[in-house]
Amino acid sequence: MNADVLEIKTEQLLKTKKRSQLFDVWLRLKKSKAAIAGLLLIGIFIFMAILAPVLVSYEDDALKMNVRVRLQTPGSDHWFGTDELGRDIFARIVYGTRISLFVGIISVSIALTLGGTLGAIAGYYGGKIDNIIMRFLDVLLAVPAVLLAITIVAALGASMLNLMIAVGVSNIPGFARVVRAAVLSVKDQEFIEAAKAIGAKDHTIILRHVLPNSMAPIIVFATLKVATAIMATASLSFLGLGIQPPTPEWGSMLAGGRSYIRDHMYIVLYPGMAIVLTVLSLNLIGDGLRDALDPKLK
Amino acid sequence: MSEFLLEVKNLKKYFDTPKGKLHAVDDVSFSIKEGKTLGLVGESGCGKSTAGRVILRLLEATNGEIFYKGKNIRELKKNKMRELRKEMQIIFQDPFSSLDPRMTVSEIIEEPIKLNKIINDKEKRFERVLELMDLVGLSRRLMNTYPHELDGGRRQRIGIARALSLDTKFIVCDEPVSALDVSIQAQILNLMKELQQKLGLTYIFITHDLSVVNHFSDDIAVMYLGKLIEKAPAEELFSNPIHPYTKALLSAIPRPTLDRKVDKIILKGEITSPINPKDNCRFANRCNYVQDICKQTEPEFKEISPGHFSACHVFSDHLSGEFE
Amino acid sequence: MRNKVLEIKNLKIRYVTDDGIVEAVNGIDMLIEKGRTLGLVGETGAGKTTTAMSILRLIPDPPGEIISGDIILDNIKLLEISENEMETIRGRLVSMIFQDPMTALNPSICVGEQISEAISIHQDVTKEGAKEKAREMLEIVGIPGSRMEEYPHQFSGGMKQRVIIAIALSCSPKLLIADEPTTALDVTIQAQVLELMKELKEKLEMSMLMITHDLGVVAEVCDDVAIMYAGRIVEQGNLEEIFKYTKHPYTEGLFNSIPNIDDRKAELIPIRGLMSDPYNLPDGCSFCDRCDYALDICQTEKPKKIYFSGTHFSECHLYSGNSDFQLNCGKK
Numbered sequence: 001m002n003a004d005v006l007e008i009k010t011e012q013l014l015k016t017k018k019r020s021q022l023f024d025v026w027l028r029l030k031k032s033k034a035a036i037a038g039l040l041l042i043g044i045f046i047f048m049a050i051l052a053p054v055l056v057s058y059e060d061d062a063l064k065m066n067v068r069v070r071l072q073t074p075g076s077d078h079w080f081g082t083d084e085l086g087r088d089i090f091a092r093i094v095y096g097t098r099i100s101l102f103v104g105i106i107s108v109s110i111a112l113t114l115g116g117t118l119g120a121i122a123g124y125y126g127g128k129i130d131n132i133i134m135r136f137l138d139v140l141l142a143v144p145a146v147l148l149a150i151t152i153v154a155a156l157g158a159s160m161l162n163l164m165i166a167v168g169v170s171n172i173p174g175f176a177r178v179v180r181a182a183v184l185s186v187k188d189q190e191f192i193e194a195a196k197a198i199g200a201k202d203h204t205i206i207l208r209h210v211l212p213n214s215m216a217p218i219i220v221f222a223t224l225k226v227a228t229a230i231m232a233t234a235s236l237s238f239l240g241l242g243i244q245p246p247t248p249e250w251g252s253m254l255a256g257g258r259s260y261i262r263d264h265m266y267i268v269l270y271p272g273m274a275i276v277l278t279v280l281s282l283n284l285i286g287d288g289l290r291d292a293l294d295p296k297l298k
Numbered sequence: 299m300s301e302f303l304l305e306v307k308n309l310k311k312y313f314d315t316p317k318g319k320l321h322a323v324d325d326v327s328f329s330i331k332e333g334k335t336l337g338l339v340g341e342s343g344c345g346k347s348t349a350g351r352v353i354l355r356l357l358e359a360t361n362g363e364i365f366y367k368g369k370n371i372r373e374l375k376k377n378k379m380r381e382l383r384k385e386m387q388i389i390f391q392d393p394f395s396s397l398d399p400r401m402t403v404s405e406i407i408e409e410p411i412k413l414n415k416i417i418n419d420k421e422k423r424f425e426r427v428l429e430l431m432d433l434v435g436l437s438r439r440l441m442n443t444y445p446h447e448l449d450g451g452r453r454q455r456i457g458i459a460r461a462l463s464l465d466t467k468f469i470v471c472d473e474p475v476s477a478l479d480v481s482i483q484a485q486i487l488n489l490m491k492e493l494q495q496k497l498g499l500t501y502i503f504i505t506h507d508l509s510v511v512n513h514f515s516d517d518i519a520v521m522y523l524g525k526l527i528e529k530a531p532a533e534e535l536f537s538n539p540i541h542p543y544t545k546a547l548l549s550a551i552p553r554p555t556l557d558r559k560v561d562k563i564i565l566k567g568e569i570t571s572p573i574n575p576k577d578n579c580r581f582a583n584r585c586n587y588v589q590d591i592c593k594q595t596e597p598e599f600k601e602i603s604p605g606h607f608s609a610c611h612v613f614s615d616h617l618s619g620e621f622e
Numbered sequence: 623m624r625n626k627v628l629e630i631k632n633l634k635i636r637y638v639t640d641d642g643i644v645e646a647v648n649g650i651d652m653l654i655e656k657g658r659t660l661g662l663v664g665e666t667g668a669g670k671t672t673t674a675m676s677i678l679r680l681i682p683d684p685p686g687e688i689i690s691g692d693i694i695l696d697n698i699k700l701l702e703i704s705e706n707e708m709e710t711i712r713g714r715l716v717s718m719i720f721q722d723p724m725t726a727l728n729p730s731i732c733v734g735e736q737i738s739e740a741i742s743i744h745q746d747v748t749k750e751g752a753k754e755k756a757r758e759m760l761e762i763v764g765i766p767g768s769r770m771e772e773y774p775h776q777f778s779g780g781m782k783q784r785v786i787i788a789i790a791l792s793c794s795p796k797l798l799i800a801d802e803p804t805t806a807l808d809v810t811i812q813a814q815v816l817e818l819m820k821e822l823k824e825k826l827e828m829s830m831l832m833i834t835h836d837l838g839v840v841a842e843v844c845d846d847v848a849i850m851y852a853g854r855i856v857e858q859g860n861l862e863e864i865f866k867y868t869k870h871p872y873t874e875g876l877f878n879s880i881p882n883i884d885d886r887k888a889e890l891i892p893i894r895g896l897m898s899d900p901y902n903l904p905d906g907c908s909f910c911d912r913c914d915y916a917l918d919i920c921q922t923e924k925p926k927k928i929y930f931s932g933t934h935f936s937e938c939h940l941y942s943g944n945s946d947f948q949l950n951c952g953k954k
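Chains as they are written, first to last, in this note's numbering: chain A, 1 to 298; chain B, 299 to 622; chain C, 623 to 954.
Only chain A is shown next, with the shape it has when bound in the complex (with noise of 0.2 Å):
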């Protein structure tokens, strides 16, 4: 051992700092293009969601019917144009992106939870448990999803509440499959049985070990799956079945829109491309993540 080397000082060692792995993925993250093109996407649409009040009036611009200026082609005064009611369509967008984000998230968020830790329970204990919860997702599963989404709000009745919980619930047993393979695969491994060695009790080696080395599918999968629940919302709304109008939301604007298509193309087009373009930037980072979380991949 060098000389050198051990004279380094423990107060100096204990300063530096490790560095974060949060970091590392970002370092990997940012050689990826299509992922940096996909964050600025989304960041855009974000930014549109925060700013939305400074940019547009909610209730002159989004929600106020004006039959005076009803279908007016994109212009100067109504970038995107105004739809069969004189509803400006940009200000109705940027709403929109508020009610998308955030039910896509929030949904994702309740399917994670509940499917997240069937899944987990299901993979670290194995056996009986795990049969018993597989079998009983299974059963939904076999439903196809948008089909249990409409009968849950069919059920429930049309509100955003309940259209998050329909579209939640429907992707619970993805959620739950995604965990438990990743737990399944992270269980087996040698340093879970290091652990076990050192005397780790059971809470401390799902917390400290097993959770966090199944992350990386489940950040991805979570990823992918708010760009699906974002369309599922649109779908439901288009079907009349989620966010009911005057709100805006992109689902019920094409909805809204779709006996002008003919003479007024940009009534949809415009929340068409917002849809398919946070759809399509939620997937393009969902697949950096995918390359960029895995440690062992360099």
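Read the hints as simulated data drawn from the structure, not as lab findings.
Watch out, some of these pointers could steer you wrong.
DMTMM-like, lysine to aspartate or glutamate: derived pairs with alpha carbons at most 25 Å apart [what the hints assert, rightly or not]:
#, chain 1, residue 1, chain 2, residue 2
1, B, K562, C, E863
2, C, K887, B, E568
3, B, K545, C, E629
4, B, K334, B, E533
5, A, K187, B, E405
6, B, K545, C, D885
7, B, K422, B, E405
8, A, K128, A, D77
9, B, K334, C, D884
10, C, K820, C, E761
11, B, K566, C, D836
12, B, K384, A, E193
13, B, K491, C, E821
14, B, K491, C, D885
15, B, K562, C, D885
16, B, K566, C, D885
17, C, K887, B, E332
18, B, K369, B, D392
19, A, K201, B, E533
20, A, K187, B, E473
21, B, K562, C, E821
22, C, K755, C, E739
23, C, K823, B, E332
24, B, K376, A, D188
25, B, K412, A, D188
26, C, K634, C, D899
With chain A held as given, fit chains B and C onto it using these hints.
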């Protein structure tokens, strides 16, 4: 209190498989004195790693007794066992999967000290981590790196430091060098030997590599399909093997020398399945000296000369083992 | 003049990655004559497998590129022919056995068919003819022909390696490359497989390139030995020259690192330190940071080959100007 640090009696570990009971460890008994090394040798699937894990109760035994310092640890409650883990440790074969990839080197070494509340003061604990890193020859500047940034030899040093971080007396070493390159292998073997002398450690050294075990162990026990078939002091086992399997195993090692003293014994066939084995000698179908009795009854594991045990119908009565 | 089967001249291969350039093979020469076995010895990352893959022209490009050199197999310049021609050479003139028998076979095709497939690619035979030959090959490697219809999962590790050998030898190649063929096997099985390979080599009169890290295996099957370190062959000679008249400090270090089974008290003398970073090889001798004999010149200048006999050379400064220098186990 007995003269042995660890005594294993009639240890059994069976696994349930769809095809039947897998006899991974079947009626194994041995003992180790403090400060000594027992080499546990055998081919893949012979149950040597399972035996190591059962002794530490990382797997629960099916039957048998494990005495550590005279106490039967199989009867200990969970929290008493946890207390005992401070003394009984393990070093793993694979330095790539035995370290949590999301923890830094110092966090990995610190964890056992923290969990077992040995040193509660953060600064003192840190002091101890650095001490351990020096002890196993890890440069201090590596403390904030992650395991995947290091090579196999350094990772194995982390594993050793972790095993030593507690009040360690006894270590099960499960193939600690077989994943490493030759030159690194020698570094780690020398380190382990040095630590044994310095700290008075007792090792069970599990390996398939006979030349390593010969270099390292005081006693050697050979396993075949879950059974112990021969056990003797290292020198005795190498100069005077009794069991035909041990002989074949010894002769089969490729020797890096041009003047080979031993003729190769090539065994026929391969290891059979340890699922639902019959009550006969488990080596019978590959043995070059097989007799009728070998196919009918199981040979007894008995002392043939002082300290030299073997389980073989044919050679047990021939002390020198020279039966042709 | 004896029959050259494989000749490699000044081969240089590198990998261009995002993190930099890995100089994997840095100018090696190699010669294997008919019926001889060359052992290529080195540790992880020495460039052994890259060398072997380049003979089959299977270096993934990108990131790998062969910068310079010649590979001449049976009078054919492999680096100059087309990919189509190369396909007819792989399996027929040269074939390879890989380290892991568990993954080298297709699990969904029975072993007989896997062997006959290899035969019918290169030989003009009927389906029955190929099958017959496959059965013959199986029996040559010691597996009863009745197991033709069985699938890989029904075979144990040693048996699978035999099947792989049967496939590799099915077209009687002139050169067999074996990349750590017994590392994944148990000692007693390893002995069986090595014995089989030696026997078959004699029988089929082929040459072999044996890649291994185990000097014990080398002593048993090889005629010549090349020691590789950081992409260079640092010492080469016949078995006796390498084992008895070791010249390069690295070769000596390897021998000193192996526990001596016949002398358990012998002390292990490891090579200190680690292999140099392949992204950033030193200007001088790549081994000099780990070498106990290192001179000043080793830091700055690459050593040249110094011949001790027609076959035995070493790349080391210790012998330039003093060809009588003796290694002494690192004790100064």
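A quick look at each hint next to the structure:
1. Our distance criterion of 25 Å between C-alpha atoms is met by K562(B) and E863(C), whose separation comes to about 24 Å.
2. Taking the CA atoms of K887(C) and E568(B), the gap is near 33 Å; set against the 25 Å cutoff, the hint is violated.
3. Taken as a hint, the K545(B) and E629(C) pair is broken in the structure, with Cα atoms around 41 Å apart against an allowance of 25 Å.
4. For the hint pairing K334(B) with E533(B), the CA-to-CA distance comes to about 14 Å; that is within 25 Å, so the pair holds.
5. At most 25 Å may separate the alpha-carbon atoms for a hinted pair to count; K187(A) and E405(B) meet this at roughly 20 Å.
6. For the suggested pair K545(B) and D885(C), the alpha carbons sit about 17 Å apart, so the restraint of at most 25 Å is met.
7. Among the hinted pairs, K422(B) with E405(B) is consistent with the structure: their alpha-carbon atoms are about 14 Å apart, no more than 25 Å.
8. Using a Cα cut-off of 25 Å, the hinted pair K128(A) and D77(A) is violated, with the two alpha carbons roughly 65 Å apart.
9. For the suggested pair K334(B) and D884(C), the alpha carbons sit about 21 Å apart, so the restraint of at most 25 Å is met.
10. As the CA atoms of K820(C) and E761(C) are separated by approximately 16 Å, the hinted pair is consistent with the 25 Å bound.
11. Of the pairs offered as hints, the one joining K566(B) and D836(C) holds, with about 23 Å between alpha carbons and a cut-off of 25 Å not exceeded.
12. Between the alpha carbons of K384(B) and E193(A) the distance comes to roughly 15 Å, so the proposed pair stays at or under 25 Å and holds.
13. Annotation: proposed proximity of K491(B) to E821(C) is violated, straight-line Cα distance about 41 Å (limit 25 Å).
14. For the suggested pair K491(B) and D885(C), the alpha carbons sit about 17 Å apart, so the restraint of at most 25 Å is met.
15. Our distance criterion of 25 Å between C-alpha atoms is met by K562(B) and D885(C), whose separation comes to about 19 Å.
16. This hinted pair does not check out: K566(B) and D885(C) have alpha carbons roughly 29 Å apart, beyond 25 Å.
17. For the hint linking K887(C) to E332(B), the alpha-carbon distance of about 21 Å falls within 25 Å, and the restraint holds.
18. Restraint check for K369(B) and D392(B): the C-alpha separation of about 31 Å exceeds 25 Å, so the hint is violated.
19. For the suggested pair K201(A) and E533(B), the alpha carbons sit about 42 Å apart, so the restraint of at most 25 Å is broken.
20. In summary, the hint linking K187(A) to E473(B) is supported, as the alpha carbons are separated by about 21 Å, within the 25 Å threshold.
21. For the proposed pair K562(B) and E821(C), the alpha carbon gap of about 15 Å is at most 25 Å, so the pair holds.
22. Using a Cα cut-off of 25 Å, the hinted pair K755(C) and E739(C) holds, with the two alpha carbons roughly 11 Å apart.
23. For the suggested pair K823(C) and E332(B), the alpha carbons sit about 51 Å apart, so the restraint of at most 25 Å is broken.
24. The suggested pairing of K376(B) with D188(A) holds, with an alpha-carbon distance near 21 Å, which does not exceed 25 Å.
25. This hinted pair checks out: K412(B) and D188(A) have alpha carbons roughly 24 Å apart, not beyond 25 Å.
26. Between K634(C) and D899(C), the direct Cα distance comes to roughly 17 Å. Compliance with the 25 Å bound is thereby established for this hinted pair.
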